[in-house]
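Number of protein chains: 2
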Amino acid sequence: MSKEKPSLPKGTRDFNPEVVGKRNYIFNTIKQTFQKFGFQPLETPAMENLSVLTGKYGEEGDQLMFKILNNGLHEKKEPEKEKLQENWNKILQQPFSTSAITERALRYDLTVPFARFVVMNRNEITFPFKRYQIQPVWRADRPQKGRYREFYQCDADVVGTKSLLCEAEIVLMLDEVLTSLGIEDFTIKINHRKVLGVLYEFLFLQGAKGTDIDLFVAIDKIDKIGLDGVRKELIDKGYTSEMVNKLFEILSLNGSFEKINELEDKVKVALGEIRDDVEGNSKNQNNTITKIMRTPVGFVELRELREYLNNLGFKNFNRLALDITLARGLSYYTGCIFEVKVNNVKMGSISGGGRYDNLTGMFGLPNVSGVGISFGVDRIYDVMEELNLFPESAQTSTQVLITNFDASAEVYALPILQQLRAANIATELYPDQVKLAKQMTYADQKKIPYVLLIGSEEIASGLLKLKNMRTGEQESLRIEEILKKLAV
Amino acid sequence: MSKEKPSLPKGTRDFNPEVVGKRNYIFNTIKQTFQKFGFQPLETPAMENLSVLTGKYGEEGDQLMFKILNNGLHEKKEPEKEKLQENWNKILQQPFSTSAITERALRYDLTVPFARFVVMNRNEITFPFKRYQIQPVWRADRPQKGRYREFYQCDADVVGTKSLLCEAEIVLMLDEVLTSLGIEDFTIKINHRKVLGVLYEFLFLQGAKGTDIDLFVAIDKIDKIGLDGVRKELIDKGYTSEMVNKLFEILSLNGSFEKINELEDKVKVALGEIRDDVEGNSKNQNNTITKIMRTPVGFVELRELREYLNNLGFKNFNRLALDITLARGLSYYTGCIFEVKVNNVKMGSISGGGRYDNLTGMFGLPNVSGVGISFGVDRIYDVMEELNLFPESAQTSTQVLITNFDASAEVYALPILQQLRAANIATELYPDQVKLAKQMTYADQKKIPYVLLIGSEEIASGLLKLKNMRTGEQESLRIEEILKKLAV
Numbered sequence: 002m003s004k005e006k007p008s009l010p011k012g013t014r015d016f017n018p019e020v021v022g023k024r025n026y027i028f029n030t031i032k033q034t035f036q037k038f039g040f041q042p043l044e045t046p047a048m049e050n051l052s053v054l055t056g057k058y059g060e061e062g063d064q065l066m067f068k069i070l071n072n073g074l075h076e077k078k079e080p081e082k083e084k085l086q087e088n089w090n091k092i093l094q095q096p097f098s099t100s101a102i103t104e105r106a107l108r109y110d111l112t113v114p115f116a117r118f119v120v121m122n123r124n125e126i127t128f129p130f131k132r133y134q135i136q137p138v139w140r141a142d143r144p145q146k147g148r149y150r151e152f153y154q155c156d157a158d159v160v161g162t163k164s165l166l167c168e169a170e171i172v173l174m175l176d177e178v179l180t181s182l183g184i185e186d187f188t189i190k191i192n193h194r195k196v197l198g199v200l201y202e203f204l205f206l207q208g209a210k211g212t213d214i215d216l217f218v219a220i221d222k223i224d225k226i227g228l229d230g231v232r233k234e235l236i237d238k239g240y241t242s243e244m245v246n247k248l249f250e251i252l253s254l255n256g257s258f259e260k261i262n263e264l265e266d267k268v269k270v271a272l273g274e275i276r277d278d279v280e281g282n283s284k285n286q287n288n289t290i291t292k293i294m295r296t297p298v299g300f301v302e303l304r305e306l307r308e309y310l311n312n313l314g315f316k317n318f319n320r321l322a323l324d325i326t327l328a329r330g331l332s333y334y335t336g337c338i339f340e341v342k343v344n345n346v347k348m349g350s351i352s353g354g355g356r357y358d359n360l361t362g363m364f365g366l367p368n369v370s371g372v373g374i375s376f377g378v379d380r381i382y383d384v385m386e387e388l389n390l391f392p393e394s395a396q397t398s399t400q401v402l403i404t405n406f407d408a409s410a411e412v413y414a415l416p417i418l419q420q421l422r423a424a425n426i427a428t429e430l431y432p433d434q435v436k437l438a439k440q441m442t443y444a445d446q447k448k449i450p451y452v453l454l455i456g457s458e459e460i461a462s463g464l465l466k467l468k469n470m471r472t473g474e475q476e477s478l479r480i481e482e483i484l485k486k487l488a489v
Numbered sequence: 002m003s004k005e006k007p008s009l010p011k012g013t014r015d016f017n018p019e020v021v022g023k024r025n026y027i028f029n030t031i032k033q034t035f036q037k038f039g040f041q042p043l044e045t046p047a048m049e050n051l052s053v054l055t056g057k058y059g060e061e062g063d064q065l066m067f068k069i070l071n072n073g074l075h076e077k078k079e080p081e082k083e084k085l086q087e088n089w090n091k092i093l094q095q096p097f098s099t100s101a102i103t104e105r106a107l108r109y110d111l112t113v114p115f116a117r118f119v120v121m122n123r124n125e126i127t128f129p130f131k132r133y134q135i136q137p138v139w140r141a142d143r144p145q146k147g148r149y150r151e152f153y154q155c156d157a158d159v160v161g162t163k164s165l166l167c168e169a170e171i172v173l174m175l176d177e178v179l180t181s182l183g184i185e186d187f188t189i190k191i192n193h194r195k196v197l198g199v200l201y202e203f204l205f206l207q208g209a210k211g212t213d214i215d216l217f218v219a220i221d222k223i224d225k226i227g228l229d230g231v232r233k234e235l236i237d238k239g240y241t242s243e244m245v246n247k248l249f250e251i252l253s254l255n256g257s258f259e260k261i262n263e264l265e266d267k268v269k270v271a272l273g274e275i276r277d278d279v280e281g282n283s284k285n286q287n288n289t290i291t292k293i294m295r296t297p298v299g300f301v302e303l304r305e306l307r308e309y310l311n312n313l314g315f316k317n318f319n320r321l322a323l324d325i326t327l328a329r330g331l332s333y334y335t336g337c338i339f340e341v342k343v344n345n346v347k348m349g350s351i352s353g354g355g356r357y358d359n360l361t362g363m364f365g366l367p368n369v370s371g372v373g374i375s376f377g378v379d380r381i382y383d384v385m386e387e388l389n390l391f392p393e394s395a396q397t398s399t400q401v402l403i404t405n406f407d408a409s410a411e412v413y414a415l416p417i418l419q420q421l422r423a424a425n426i427a428t429e430l431y432p433d434q435v436k437l438a439k440q441m442t443y444a445d446q447k448k449i450p451y452v453l454l455i456g457s458e459e460i461a462s463g464l465l466k467l468k469n470m471r472t473g474e475q476e477s478l479r480i481e482e483i484l485k486k487l488a489v
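Quick note, the sequences are listed as chains A and B, same order. 168 is the number that this note's numbering gives to position 167 of the first sequence; each next residue is one higher, with no gaps. 174 is the number that this note's numbering gives to position 173 of the second sequence; each next residue is one higher, with no gaps.
No lab work stands behind these hints, which were simulated from the structure alone. There may be inaccurate statements among the hints.
Pairs count within a copy or across copies, as identical chains cannot be separated in the list.
Straight-line distance between alpha carbons at most 27 Å, and here's what the computed DSSO-like set of lysine-lysine pairs gives [stated by the list, open to error]:
id	residue 1	residue 2
1	LYS225	LYS439
2	LYS210	LYS146
3	LYS342	LYS195
4	LYS11	LYS466
5	LYS284	LYS163
6	LYS195	LYS32
7	LYS222	LYS439
8	LYS486	LYS32
9	LYS447	LYS485
10	LYS267	LYS11
11	LYS485	LYS32
12	LYS32	LYS6
13	LYS267	LYS23
14	LYS225	LYS347
15	LYS466	LYS195
16	LYS210	LYS195
17	LYS238	LYS222
18	LYS247	LYS269
19	LYS11	LYS284
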């Protein structure tokens with residue numbers, strides 16, 4: 002057996018009990034809210050066939066997937082080097098094909114596996130289908146602070162309904178989850194892909210050559226690469242400098258979510274000015290532009306979302322912002338889009354999502370509209386650490402440690418140990434008869450709140466010493482009193 | 002985007018909400034017991050470096066590991082075929098080395114990652130360290146009924162103490178977990194590697210050439226390949242036919258766990274007979290044999306384990322069996338070993354474990370004794386399905402569905418929806434105004450126990466119709482009465 006110093010793969014982490022406790026506190030809070038809103042848990046395998054994943058996340062995604070070596074190559078009963086070498090040679094004699102080497106990869110997100118599940122089980126599923134999924138995903142990204150190669154996603158999606166009630170419920174869930182976690186100062190940014198679509202139509206009608214997705218992907222990067230970076234990217238994609246100027250003028254408009262109409266008017270005025278500014282528009286072009294301006298679907302739906310929130314009794318409109326620079330990087334969004342930012346904390350968005358009209362279309366099942374949201378647990382964890390929001394209950398496990406003085410004290414302690422456990426009090430008896438100081442250190446480091454000291458005196462009197470490890474207080478109590486005091 | 006029919010990798014599964022609910026019921030029961038006994042959760046990454054995993058599971062394990070293609074080979078910014086082809090050529094010009102292709106694999110069990118964690122964190126950990134871990138593992142085994150390539154293990158281990166209290170607590174936990182799940186008729190088989198070791202010593206002193214591990218691994222297969230298969234395997238490994246006969250004679254002895262002494266005496270008598278039977282033993286050999294028979298460590302520890310169980314007030318000795326054919330396949334066990342079988346159900350063991358003296362030795366940290374147990378959740382699931390043991394509570398999520406008649410009923414329903422949720426009652430409003438039959442089917446298939454019907458009549462009177470979906474009963478109630486009735 003090798004005795005080299007063991008290490009972890011780059012970009013991966015162990016979670017020790019304290020961290021697992023805190024992470025579970027976040028997971029459980031999210032789960033409770035999802036369930037209260039009628040979402041049910043789904044789990045899919047870590048591996049997916051490459052044919053399912055390839056081409057769904059753009060070129061970058063295909064490159065960053067962790068691919069699994071085919072079994073044929075490592076499953077042979079006689080894997081001598083020559084045999085393996087021969088296999089590789091055989092592969093290389095053929096025109097190069099990665100499928101000879103790998104046919105599976107680790108899942109890259111939870112959305113594509115969800116779409117795959119829906120398509121494969123379309124006949125058994127009752128639509129609308131509300132599922133949540135909390136599982137790790139893997140990306141071979143360059144690791145850096147806050148970016149890992151294995152991380153959890155927490156997704157909730159409804160598919161099979163176009164009702165904007167779902168969007169409203171997403172806002173309610175975002176608000177409830179964060180508030181339950183103790184995060185109070187945050188902003189839910191909202192936009193609609195068709196608001197951005199109107200902008201694109203405008204640019205397109207005036208001769209833009211880039212696609213709408215090019216436009217959305219570029220706008221999405223404003224926070225990362227700044228306006229100048231976005232300008233460069235758009236010009237590279239075939240937009241003119243003049244168009245970018247007009248676009249930026251409109252993107253500088255912003256407003257509260259309650260005052261959608263005001264913003265809509267502002268956007269219309271700005272679009273109108275652009276229309277009038279540009280020479281050489283044909284009459285047809287002008288008519289189309291006027292029509293787009295008259296019924297901008299994006300704004301209509303945003304107003305309906307506001308109406309739902311009002312009727313649901315939602316009060317925290319101050320936490321919502323209509324942000325027309327919000328684009329979201331993923332190509333499949335078609336309706337409302339969301340992103341959540343905690344204010345006054347240096348941290349990217351902690352949640353995001355939106356509506357998609359055709360997610361399952363990639364697997365041959367068209368016209369299944371859905372909307373979903375995803376929580377970034379690693380970032381929420383860091384925010385909660387920074388703001389000191391984890392309650393003590395997220396960190397303790399064992400409630401009582403019984404010390405182990407000597408053989409007779411141990412025999413006396415054994416039934417007491419079981420009595421406490423029978424009352425659902427998590428209890429340990431220190432398993433070895435070592436120095437008391439060592440046993441107390443154990444309780445201390447494991448954050449055990451109570452230590453029960455049993456020596457010959459206690460055995461004689463039946464009065465056991467219960468020490469509160471936080472206050473240092475010590476009481477002499479009968480076992481019945483201890484059970485009563487610690488009852489859960 | 003490809004539109005081929007999507008599929009799952011062989012040997013993997015999706016878990017739909019109903020199955021996840023039932024699985025979580027098992028996981029939560031196990032977790033609660035682990036925590037009550039002072040175990041804390043640990044999580045390790047899905048990937049481990051191959052240097053950590055290789056050589057830890059025997060030749061078969063090395064072959065059945067799912068290996069991950071190196072990033073260098075699929076992370077290139079310009080992954081044109083030529084470039085990739087060039088990479089492969091480069092690899093093949095060198096003496097063949099798999100590390101050029103793969104340096105990581107998916108974890109194969111939870112024990113080796115646990116040992117790796119302990120060694121890497123030896124200075125931060127407070128020993129004895131009691132951890133539990135519930136995570137999936139991956140094996141490229143040939144899939145068949147009940148055998149998957151991705152499956153969960155539920156492990157609890159204590160390291161850093163030799164106290165047999167830990168073994169006793171493992172028996173208590175096994176008993177508590179299965180009883181809590183409603184499984185009542187099961188047998189916890191117990192043996193000790195050093196009882197088997199005595200048998201080996203006997204055979205060795207009489208000239209056996211196979212190793213002790215050969216012997217244990219062969220005995221472990223009695224259930225799978227039968228006595229004849231084991232005989233063949235042992236003879237292949239260098240044992241004589243005569244030795245195998247003697248061995249089988251002793252292995253046919255069995256007894257209740259309470260009557261360890263009786264069995265010990267029987268084994269001693271049998272060994273004595275063998276000793277006397279064999280001609281040509283030297284005086285030295287006979288002395289050694291006599292010494293082994295006088296203080297058989299295995300039996301001493303089994304008696305101590307029984308003593309602990311007695312003192313802990315354990316009552317279910319009828320569920321324990323001393324089974325000297327129990328060997329467990331893994332090479333690292335050195336002390337007590339356990340295996341649990343549900344009686345009257347066709348199913349292999351649902352749990353197993355034992356003590357190991359030197360698990361972390363593989364990573365250069367010797368002399369850390371530990372003992373652990375592992376639950377097989379897939380098998381427990383199948384047993385519970387067969388015995389119909391899942392409670393209804395493991396399968397329902399949403400409590401109330403509010404029907405959606407028309408626009409005005411929807412507006413009326415929205416604040417009620419939020420009132421129910423505020424009272425922690427998981428509630429949904431059907432998002433679309435479709436036929437009532439379709440909405441009822443939705444409630445039915447999602448096993449929602451109550452449907453709240455709101456039409457114009459109900460809006461006018463304020464008396465809402467609450468339908469119990471199990472009994473079919475319907476009541477007209479004010480919202481306050483409904484809240485009271487459904488309070489959780």
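Each hint tested on the structure:
no.	hint	verdict
1	LYS225 - LYS439	neither (51 Å within a copy, 47 Å between copies)
2	LYS210 - LYS146	neither (38 Å within a copy, 56 Å between copies)
3	LYS342 - LYS195	within (22 Å within a copy, 60 Å between copies)
4	LYS11 - LYS466	neither (48 Å within a copy, 58 Å between copies)
5	LYS284 - LYS163	neither (35 Å within a copy, 90 Å between copies)
6	LYS195 - LYS32	neither (31 Å within a copy, 47 Å between copies)
7	LYS222 - LYS439	neither (54 Å within a copy, 44 Å between copies)
8	LYS486 - LYS32	between (31 Å within a copy, 24 Å between copies)
9	LYS447 - LYS485	within (23 Å within a copy, 41 Å between copies)
10	LYS267 - LYS11	neither (49 Å within a copy, 56 Å between copies)
11	LYS485 - LYS32	between (32 Å within a copy, 24 Å between copies)
12	LYS32 - LYS6	neither (39 Å within a copy, 31 Å between copies)
13	LYS267 - LYS23	neither (45 Å within a copy, 54 Å between copies)
14	LYS225 - LYS347	within (13 Å within a copy, 59 Å between copies)
15	LYS466 - LYS195	neither (69 Å within a copy, 40 Å between copies)
16	LYS210 - LYS195	within (19 Å within a copy, 79 Å between copies)
17	LYS238 - LYS222	within (14 Å within a copy, 66 Å between copies)
18	LYS247 - LYS269	within (13 Å within a copy, 96 Å between copies)
19	LYS11 - LYS284	neither (60 Å within a copy, 60 Å between copies)
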